[in-house]
Structures are given as C-alpha cells and as structure tokens.
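A.B. asks: Chains as they are written, first to last, in numbering that gives the first Met the number 0: chain H, 0 to 528; chain B, 0 to 531.
What the hints contain is simulated information worked out from the structure, not anything from laboratory work. Source: prediction; values computed, not measured. Be aware that a few hints might be false.
[Stated by the list, open to error] Chain B is faced by these chain H residues, among others (derived, beta-carbon under 7 Å):
1) A109
2) V113
3) A116
4) A145
5) P149
6) R164
7) E167
8) Y171
9) Q187
10) S191
11) S212
12) E361
13) E364
14) M477
15) N479
[Unchecked claim] Here are the simulated lysine-lysine pairs, DSS-like style, with alpha carbons at most 30 Å apart:
16) K426/B <-> K371/H
17) K371/H <-> K289/H
18) K426/B <-> K82/B
19) K419/B <-> K432/H
20) K322/H <-> K1/H
21) K69/B <-> K526/B
22) K371/H <-> K419/B
23) K327/B <-> K426/B
24) K261/B <-> K82/B
Think of the CB as a built atom: it goes at the ideal place given N, C-alpha and C, for glycine as much as any other residue.
Take a look at the letters that make up each chain.
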Amino acid sequence: MKTYDAIVIGAGHNGLTTAAYLARAGLDVVVVERQPYIGGATASRELYPGFTYSNCSYVCSLMRPEIMRDLELPRHGLQVIPYDGGVTMTRDGGYIAGYRNHDQNRREIARHSVRDAEAYDYFGAEVMRYCRFIKTMLLTTPPDPASFKPRDLFGLLDVARRFHRLGEEWMYDTIRFWTMSCADFLDQFFESDLVKGHKAGSSIIGTALGPYSPGSAYVLLHHYMGEVDGSIGSWGFPRGGMGAIPGALAKSFQAHGGEIRTGSTVEQIIVKGGRAVGVALTGGVEVMGKTVVSNLDAKRTFIESMAASDLPAEFVHRVKNFKIRGSSGKVNIALDGLPDFPAIPAGCPGRAGDMHVSDSMEYLERGYDDWKAGMWSRQPYLDITLPSMTDPTMVPPGKHFMSVFVQYVPPHLADGEWDDAKRAAFGKTVIDKIAEFSPNFKDLILHAEIRTPWDLENEVGLTEGNIFQGELTMDQLMFNRPVPGYAQYRSPVPGLYMCGSSTHPGGGVMGAPGANAAREILRDMRIKT
Amino acid sequence: MTPAGGAYDAVIIGGGHNGLVCAAMLGRSGKRVVIVEAASKLGGAATSGEFAPGFTVSSCAHILNQLHPKVSRALDLSRHGLKLSTARMGTIALAPGGRHLTFEGALMVNEAVNGAGEVLSQRDLSSLSRLRRRLLRFAGLLHDFQATVPPRLDATSWRDGLGLARLGWAVRRLGRDDMRELLRIAGSNIADVLNDELDSDLLKGAIGLDAVLGTGLGPRSPNSVFTLLYRLSGRVGGVPGALALPEGGMGAVTDAMAAAAKANRVDIRTACPVKSIVVEEDRAVGVELESGEVIRAHAVVSNADAKTTCLDLLGARHLDTGFVRRVKGIRARGTAAKLHLALDGLPRFSGLEARDLGRRLLIAPSLDYVELAFNPCKYGEYSPAPAMEITIPSIHDTSLAPPGKHVLSAVVQYAPYDLKGGWQAAKDGFMDRIMDILSAYAPDLADRVVARELLTPEDLEQRHRLPGGHWHHGELALDQLYMMRPVAGAAQYAAPVPGLYLCGAGSHPGGGVMGAAGMNAAAQVIKGGKQS
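Isolated chain H (complex conformation) (with noise of 0.2 Å):
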C-alpha cells in the first residue's frame, strides 16, 4: 500500500495551506474531505440555480500576503475586490456610514459628534499600532513560556525584545488593551454611542463575549488587522465568492503534485507505536502517511477522531476543556434585485460594503444577554452584505445575493435542541428584522439558507458551530492555544500534528495556522524551504 509523506485531514483553507506549503516542499501530500467539494467554512456553492454562495464566511481581509505570494494565489486564479466601508442604520432612520479614507471618515463621525471626530485621529492611530505589533506574530510559532528549551527562551526574549522597543508609555497601553473590554476601550475615546456602537460591531464577531466583557477589546483588533493590497484594515470580496480562496490554494497545491479526496471521512486517526501513521476512512479504506495533519478542531482531532488510549489523560481533560462555544449564525439568501434602504442616502458606498442594525453598545450587549439564556439574539446583530454588487458574476444579470451573519446563536437552545421548526423560526426573527429597515425586501426572496450552529457543526464540522474553532479570549491565545504545552502545532503522538484554526493565531480566513504548521512540519522532518 502506498505510503503518504502526509496525509491532511480536511480541506478548509488552513488545511489546503498547509498541504500547499508541504507539496511545494517536494512531499507526496493527500488531502482527505468529508465533503464532496472543497473549503470548509470558506465555501462557496450554488444552491439556488444561478446563484453562487458564499455559504459561511463572506469577506476576505486577513488572508496573509505572504501566503499569497509563497503560494502564488493570483496567478491561480485569487482576486480580491475591496469595498468601501459600510453602514449602521439607527432604529430611529438615521446612519452612520464608515470609509477607507480616514478624512471621509472623521467628517462622517462629525456629523454625529464633533468630540468624536476628533478623537478618530488618536483611535484610527492606536489601533494601528496595536495591529503593528500583533501582525508580526502572525506568522510565528508561539514561544512556549513554560520551556527551557533554547528555542523558546530565544523566542520569548525576541516577543520581549519586540515589546520593549514600543517604549514604555506604549507597553503598558498594549497591555491595557489585550485585557480590557471593548467597551471600555471606546469610551477611552468615543462618546456618542452610535458612533460606539457602530464601531463595536466587529469585537463580537463569532465570540460569546458581550463587548462589556474584559478581553473584548482583543477581538475588535483581530477584525481590524487584515489587509488587502497592503492597506491594513480594508476588507474585500474574492471574486466568484469566498470559495474562490480554497479553490486557488487547491490549484497552487495540485500544481506541486498534491492529491484531493473529497467524499472521504476519516473516521480514526490511526497509532501505532506511539506514531500517527495514517486514517481510516468511512466503508473500510485506510490511508497511510508519515505525517498526519488535522485541519479540524481540536475536539474534533482528539476526542471524536483518535481513541483515547492513544493519548495522555491530562490532555484529554484539557482538550476537553477548550472552549469552543458556537455564537453564530449565518442567512445566505438569493434576490430578485436589489433590496432599498431608505436610510441610507444615494451615493452612500456603505450599501456595497457591511450594513448594520445594531445602533448602541446596550443593543449588542442584550444580544448576548440572550445567547446567556440559551436563546438567539431577539435584537440581534447583523452583518448583511450584498457581494453581488461587487462581483455581478456570482448571480445572474440583474439578480443579487445577501450574506447575513448573525450573532448570538446558541449551540443548545433552553429549551431543547435545534430542529427545523427553531431554525425556521430564527430564520424569521433575522428577515424580519432586515425588513425593518428595508420595505421591499420580503418580496424579493427567492430562496434562503439559514444556517445555525447545529447546521454549521453537522454540515461543516466545526464543534458547536464555532466559527474559530475555539473561543478568542485571553486563555485560548498565543502559546495556550488550543491547550498550554500544545501550542507549536504539534500534538502528544509523533507525527500528529493540528493546523486548523483551534491553534495560534485562530480564526478567520488568514492561513497563518496552516502556513505556521507546514513551517513546524517541515522542520521536524529536517526540510530547508
């Protein structure tokens, strides 16, 4: 039987990077999926004819550039269109919209609060340098702090050595800022809490924090850091759908060799000796690699996929501990045109950009007050997009498609689990609250995919429907991700390694975990790239 250099379970786009990065290396790579198409929560399907969905994630900003380039994304066929900004409507027929450019944004924020325009100059500056100092740790294996091997203290000194040089006013703002809730870091410079509100939006983002919770602030950086074309903030749409990412990585490691199995579930990871040396799939058929990769959770890897004789008790425990809590939701839906807005002024680019409702930190807040009772959002957030309008190839002429991410969403309802009734009905709350700000909406449905935490957990295999494969809070970070002692992509068993996003540094469409475990993966096997 043949025998894989690596085998890699999953082909979401942390696993397709690190199958890229392994086959460009010159190894014999597979990649396994249980799906019959590619991407994981980076999909893209047609589910309605004529219509291409971005069916979990829906905006390209953190992908790394230097995956891009190793990787040769444009050249196979990756192209990303960034939009400008976007909008909050206020309950009341108001907005606020939100720009690129700094200066259309700060007379934006003017209009609601001259204070608060003015501040945006020192807001806009912080977060970038906070950004500044995390983006160089993206593409780093975390140095694990409890070591005394020379590697980790070498690493740690350089992490110290990099935080010394903000100086010291700067150190203990950073420090403030990784620990401090998002609300609290607002106030610092905001005071209408429209403006507020608009901009917390993104320190909610599949998280089950509240943006009073402390740690909150983190989470708004982590939405804030990506890039497109080198300008660091902006978020695109990739052409042809989110779908578009895998299906380039796909090519970049088919064009080194690299072999795609889709339709194949792994069912175990297999161990002999102590050494992970293949899977067994579904119907009987087993694979056997030198290396195994997992680009599914860290649940999933270690609890649903090995026997747990194959691994010590502690880690277990700990694994089982990993929080992974599922918060949101996502209506995919196709338009016989486009939906009117009647609060937002024509010409405003916001409607081809993010489109909010939630129009105060309290409304976010009581969101998640609701996630806590075990019930969807009755106020929920809402990040609706209209790609179409960017990219007129995924739908046909004339036609739209509307991504609504929704948070919260709970895994486990108070009372009792999801059917299709409970999804029907969240379905609703989610369109009837878009219908509140757009009267011509609920006519132009042609057909929409509601999909829970039940439906993204069964469907797309994310434990609780978590969108980060594990929570972002300050214990799930850096060198505690997904567990403390496991944070260099390795595992407990030889050859068993994770690159999905339940490892440093998580979750959204960014690469770094999978470019982050080839690195690891190719060292261990004394490869130079």
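Based on the hints, put chain B in the right spot on chain H.
C.D. replies: Frame of chain H, contents of chain B only:
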C-alpha cells in the same frame, strides 16, 4: 501645632486605613507626620457606626480577611487593641429548598461539612481539593507581591529590572504544570473554571459570588478568576483565605491603627477637609485646608483616590494631558450595596439551627443566578433578585447590639452606582426586593426588623468618600492592576509631581482592609526623602 523647626516631613490626606498605616509606618521611621481627615472620625470605609440606638455595625467593609500580616506585625495592632471576635468564620451556601451546603471554615479553604444539607459527590470533593490546592498556591503568589512596589516596565533602573525578574522567577518557580495553568486561567472567567471541575450548582454559585463580590463582573466575565485569587490572597493568623470579624466592628481595626500612629508621634486632625494641594516650583509642598490654613510638609501623601487627588486637589494644570486622560479613564463604578438590619431577636432560617447563623451566609444558589443578577447592572438597573453575602456579627460580639438583640450586615449585589433615574426614587423598591429574597430563606426575618439601613453605592460614595461607591477606589481589572494601578506613571506610589504620593486602595495592590498600599507607599516616601 507644627513641629519645631517648621514643616512636617509628611502630611497625609485622609485617615482611612491606608492613610493610617502609611502615617504610622512613617512615624515609626522617625518622620514627623500629620494626618488631616475630612470627616469627624477616622477610618474611611473601615468604620463602625451606630445605625439605630444600641445597634452598631461595620458600615462598609464587614469581614476582615485581607489585613496584611506584615502590616499587623509592623504596627503591632494587637497590642494597640485589635481583637478578633472570630478568626475562623464558616460559610453556608444557602439553597432555596433548605438543603444548604456548610463549610466549617472559609469556602475554598476548608472541607465542606456533610451534615443534613447538600452532600457533595466524591467527584466534587476530590476536584475541589485539587482546585483549592492550585488556587491557594496562585493566591499565595499574589500575597507575596502585594507587599512590594510594582516595577516599571521600562526597567532602566536596576530595581525595576530586579522587580520584573522576581515576578518572572516567582511564576517559573511554580513548576511547569502550575505555571501553565496560572498563565491560562489568570485571564479566564470563574464560571468556566468551575464548570470544568465541579458539578454542584450550589458550590459553584457560592464560589462564583466570592469571585465577583465588589466587582463590576459577572461569573462569566473574563478577569473573574483573578478577583477570586485576590480574595483568597488574604491570611488570618497564617491561614489563607480565612474570614475574621474584629471585636467592635471594622472601626476597631482603624482604631488600633490610629493608636499605633499616635504611639509613633503622628499628629491627627479630624474634621479638617483639604481644599487643595499646594504646589510651589513644580513641587507639592503642603496642603491648604478648607479653613484657609496651610500645612507645609516635605511630602504630601494622599489616601484619596487618584481622580480626587490629581484632578480636584492638585489640578490638571500641573499634569500632562496624557496622564490626565488616564486618570479620567480609571473605572470605579460600584456595584455593591450594603444592608444593615437591627433585629429584636435571632431570625430563623429554614434548614438552619441558631448556632449556624454565626457563619457567613451566601445567597447565590447557582452561577446562573449570579449571572442573571449581574445582567441588569450593565444597563444601570438593579438586580430584581440580588445575590448576597450575609453576616450576623452580633452572635460573635455582644457589644454590637443590646442583650438578646442582633444586627445583620449584608453585601447586596448588584446595585449600580449610576442607576437609571437615580437612587432617590428607586431605593424603597430595591429594599422591598431584598426583603422578599431574604424572607424566602428566613420567613420570620421581616417581623424581627426594628430598624434598617440600605447604603447604595451613591451613599457609600458620599459617606466614605469612595469614588463611584467602589470599595477598591477602582475596578480590580487586569488593565488596572499592578504597574497600571491606579495608572501607568503613578504605580510606584509617586505622582508625576515631585513630593506628591498616593497611598490609597486605588494604588497597588488595591482595597479590602489590607493596608499594603499604605505600607508600600510609606517605603517609597522614605526612599524619596533620601534621594532629595
């Protein structure tokens, strides 16, 4: 009044416990010190007060669990009259159905008493002892650092470098597993940690309440593990986490401190509100009282919070804008109210004997209960079903109430400082809610009440000059701790204006009747004196 030869070595603004400790420590080292206190009596938030004829209660802080042993040793507080009426107060987590959970000593520190009430499973017992060992170890680390001056991150001086190295070494010395666990849970939330390890809702609720008492956090808020560690960091008679009651109420502690200060030749002036800090040639040189009198001193040490000190007494014009912005940004928004009841006899709590009432009683039947109580406070509303920490100190100390009568003192959470619509209109409604909750556990309580007093954070602010009614002069949040407490640039007790120092709970390590801030500040004042 002023000592021979002109000015004092130090003038202390405010005679709260930290001001008294700082004054006594300075006096002990031979400095001539004067304390000026605005109120007519000393003690700040650590006082006893008669709220109804014959009924005395600790008017703000009501349990002594954090007094730093270095402070009580250095000032010899027992010689100056401090006596404990109990040094090993137990805890009972009350259950609505009467199957309470009883602890002989402090929660998390002692084993549960498996009597008639809730019986912990074998799994919970062993998990609890594992969790306890770890948390107490981490709390011990905290304890050690409470009596030190935080280093500056800049580390240009050898002392700062050493301070940082000491911190790093202390964490390393925990060993690999505990170190990893500390670095993980330090920023975590208590609900997760408890749900990971324990099953009993009652147990988890009680520990969860201990973690969030006096903070603006719910059990699910990250940072709430730290606040539990903070609570566990105290020691009574060498026992970590133990709870004690001072004889005569909390005022007895500050009385002993004042006696220690007097024994060290400290001058004490009460009913002397300070109008401003006098600055000459960019140096703090004394204070001007409301009466117009100026007291000159080489060092001005403020026990008031940083905002009051820097913005009201000193004036922003003496400071740079970045520093002022930071001081303005200090979060101090109290969430705890204080309830005092004068009772004509001991109430009956269902499922408890009279002798059980000498323990601390907690109303926090589950983590969800506490979290649900927390929700409204985020929006400026009080909890319709608040969580409570209840003591009946008169059981241990008959001096607090007339014979046969009792006082009940409870911390009630959550009651936000900035209540929507103001406290004036809402106070009676909140009182009714509290009595409803209490009556569910003690049906005859309401009939035994002869007098009652409810202090909202607003009342606490006015009475005790606590900013925002916050016990700690500022939230004990990770972004307001250690080298960032009260703000970066003043965390070494010296304000940016030479000659001005901060010694209150707003500085490292924070509040609780601990005295460490006052002690550390005194060390810095003495050092500052040598340099100049």
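A.B. asks: It remains to establish, for every hint, whether it holds in the given structure.
C.D. replies: To see whether the hints hold, each was checked on the structure:
{"no.": "1", "hint": "A109", "verdict": "violated (21 Å)"}
{"no.": "2", "hint": "V113", "verdict": "violated (18 Å)"}
{"no.": "3", "hint": "A116", "verdict": "violated (17 Å)"}
{"no.": "4", "hint": "A145", "verdict": "holds (5 Å)"}
{"no.": "5", "hint": "P149", "verdict": "violated (16 Å)"}
{"no.": "6", "hint": "R164", "verdict": "violated (12 Å)"}
{"no.": "7", "hint": "E167", "verdict": "holds (4 Å)"}
{"no.": "8", "hint": "Y171", "verdict": "holds (4 Å)"}
{"no.": "9", "hint": "Q187", "verdict": "holds (5 Å)"}
{"no.": "10", "hint": "S191", "verdict": "violated (17 Å)"}
{"no.": "11", "hint": "S212", "verdict": "holds (5 Å)"}
{"no.": "12", "hint": "E361", "verdict": "holds (6 Å)"}
{"no.": "13", "hint": "E364", "verdict": "holds (6 Å)"}
{"no.": "14", "hint": "M477", "verdict": "violated (9 Å)"}
{"no.": "15", "hint": "N479", "verdict": "holds (5 Å)"}
{"no.": "16", "hint": "K426/B <-> K371/H", "verdict": "holds (28 Å)"}
{"no.": "17", "hint": "K371/H <-> K289/H", "verdict": "violated (44 Å)"}
{"no.": "18", "hint": "K426/B <-> K82/B", "verdict": "violated (35 Å)"}
{"no.": "19", "hint": "K419/B <-> K432/H", "verdict": "holds (28 Å)"}
{"no.": "20", "hint": "K322/H <-> K1/H", "verdict": "violated (38 Å)"}
{"no.": "21", "hint": "K69/B <-> K526/B", "verdict": "holds (19 Å)"}
{"no.": "22", "hint": "K371/H <-> K419/B", "verdict": "holds (23 Å)"}
{"no.": "23", "hint": "K327/B <-> K426/B", "verdict": "holds (29 Å)"}
{"no.": "24", "hint": "K261/B <-> K82/B", "verdict": "holds (19 Å)"}
The structure fails hints 1, 2, 3, 5, 6, 10, 14, 17, 18 and 20 (numbered hints given earlier, in ascending order).
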